[in-house]
Amino acid sequence: MATSTFSAVDEYGFERSLEFDFKYYERFMSEYIGILARRLKRWEDLSNSERKKKSGTLKRFVRKGIPISLRESAWMTISGAEELKRNSKYSFNTLRKRKTNSVIKEAIEMDIPRTFPDNIFFDKDSTLPEQLLGILIAFANSNTDIGYCQGMNYIAGLLLLVTKNAESSFWLLKTLVERILPQYYSKNMSGLITDLAVLDKLVQKNEPAVHRHIESIGLPWAVTTTKWFICIYAEVLPTETVLRIWDSIFYEGSKVIFRVALTLIKMHRNKILECKDMTELVKCFKEMGSHHGVINCHQFMKNVFRVPGSFPNKLLEDLRRQHNNSK
Amino acid sequence: MANRTGTAQRPNGQTQGKICQFKLVLLGESAVGKSSLVLRFVKGQFHEYQESTIGAAFLTQTVCLDDTTVKFEIWDTAGQERYHSLAPMYYRGAQAAIVVYDITNQDTFGRAKTWVKELQRQASPNIVIALAGNKQDLANKRMVEFEEAHAYADEHGLLFMETSAKTAMNVNDIFLAIAKKLPKNEQAGAPGGGGQGRRLVDGDTGPKAAGNCCK
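Heads up: the sequence lines are chains A and B, in that order. Residues in the first sequence are numbered consecutively from 1, following the UniProt record's numbering. Residues in the second sequence are numbered consecutively from 1, following the UniProt record's numbering.
Honestly, the hints are just simulated from the structure, not real lab data. A portion of the hints provided could be inaccurate.
Said to hold, decoys possible - From the structure, some residues in chain A lie toward chain B, with a derived Cβ separation under 10 Å:
(1) ALA37
(2) SER55
(3) GLY56
(4) THR127
(5) CYS149
(6) MET267
(7) THR279
Backbone N, C-alpha and C define an ideal beta-carbon position, used for all residues, glycine too.
Okay, chain A solo, but in the shape it has when bound:
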């Protein structure tokens, strides 16, 4: 662990950016390693049924982070992916081997070498690209309405890096796309367009000055935040932070995406307000991932569940309904 803090790639094989603050990271990790060990111990003390049944305790445990070694199995149960897999008429292997629409197949094949090209584990000589292809093909075969949408490659790719298991990655992807996220990847991306409008409203309500400023500069939310929704922060924030976010999304659902968005915007309020033009604003959004408060994923997740205040499902449902056909 100690050596990896100085590595140019993170433990999931992603290159750290040139601006990566190794000093800060080392300081954070020296503390976080203790937290990870403590959390692992606490998780190991949970009984099998306690790990599976939704409860206040389990929700709190998930919010504090699922230990790396337990992530695959915990994600599978808390998200409902395990159940989906169990009740499915078709196995992953059957779906993977079915004949795929040639246009979709070509689109997927084109994106495989374009998925995490700099990640050391996605090296052309490794089996990961082939496994990723299998996951996306199986998904397209299992859901012909959606088929393949760019962005799913990043989600499936990161699932694969974490679980190291193509079959689990497939069921987790399917659960995310079909049950947790609302129509982000459909042919007209209606769920994404709705959620971009919902975010606009939430920022307007929570951070009116930021909203006015971004509007006056003329930056559409879609430019900077499409990736937040479509990739659920993969390729946007540091990997460990993304996985902590995914822990809670698998348990609590898509509203966590908004909690994270509002937390990021609140954290960067002053920086955003200082931006004089589009160039500065886009840069400010791009650099959010290197903020110390984001690298410190443990503190960041505490803020995510505190800073935006109460966020009932009902509020999100109402906003989504209001903005469903507005664009």
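Position chain B against the provided structure of chain A, taking the given hints into account.
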């Protein structure tokens, strides 16, 4: 490379040159090389496997034309068909567009034509459109004839070049050709379109300059 200066020429210390800012959008089918063209133009780099763009990317680059510095605000978009519903957000108010296709893939040329039609119908009326037949380095696998694309571009009043983001062929040139064609002495873009060509006072890059076109 010579066209990359960021400041206006100022002979004798006098503010001679003007700086104009234009919004340019790149459109075209997935994997035709939109992001690669931008990366080549802005950073002089090329990646064999360029990550697919989700949503859009925003970059800037300036070119110098005689006494004018043209600053491009470049909006690079996602190519997959279903991201189409987001595209109007990006081309709204754009003064220029590069519609890209891959010369080794006939379907991408068809899609480029659809984009041109949409832009001519829905974008600002005076938008300058360039058609780029990219991946010219793969001319041995060509599926779209130069003459065919050239005739189409002529017929529709588009600038046209075959480009290669990989070898850099015609990349700066196509941006330069657009810069030349953009109106720098009159109102650019549609009135009320919210994205008029803006003349910037030296050093002023703020949004307040919007609407003051090069005069």
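Each hint, compared with the structure:
Taking 10 Å as the C-beta contact cut-off toward chain B, the hint placing A:ALA37 at the interface is violated, the least distance being around 35 Å. Hint on A:SER55 is violated. Least Cβ distance to chain B is approximately 36 Å, over the 10 Å limit. Restraint check, A:GLY56 versus chain B: the minimum CB separation of about 36 Å is more than 10 Å; hint violated. With 10 Å as the threshold, the beta carbon of A:THR127 stays out of range of chain B, its nearest partner Cβ sitting at about 18 Å, so the hint is violated.
Annotation: A:CYS149 was flagged as interfacial toward chain B, and the flag holds, the nearest CB pair being 6 Å apart, inside 10 Å. Because the closest C-beta pair between A:MET267 and chain B is about 21 Å apart, greater than 10 Å, the hint is violated. Here the hint on A:THR279 is kept, as its CB sits about 5 Å from the closest CB of chain B, short of 10 Å.
When held up to the earlier numbered hints, the structure conflicts with 1, 2, 3, 4, 6 and fits the remainder.
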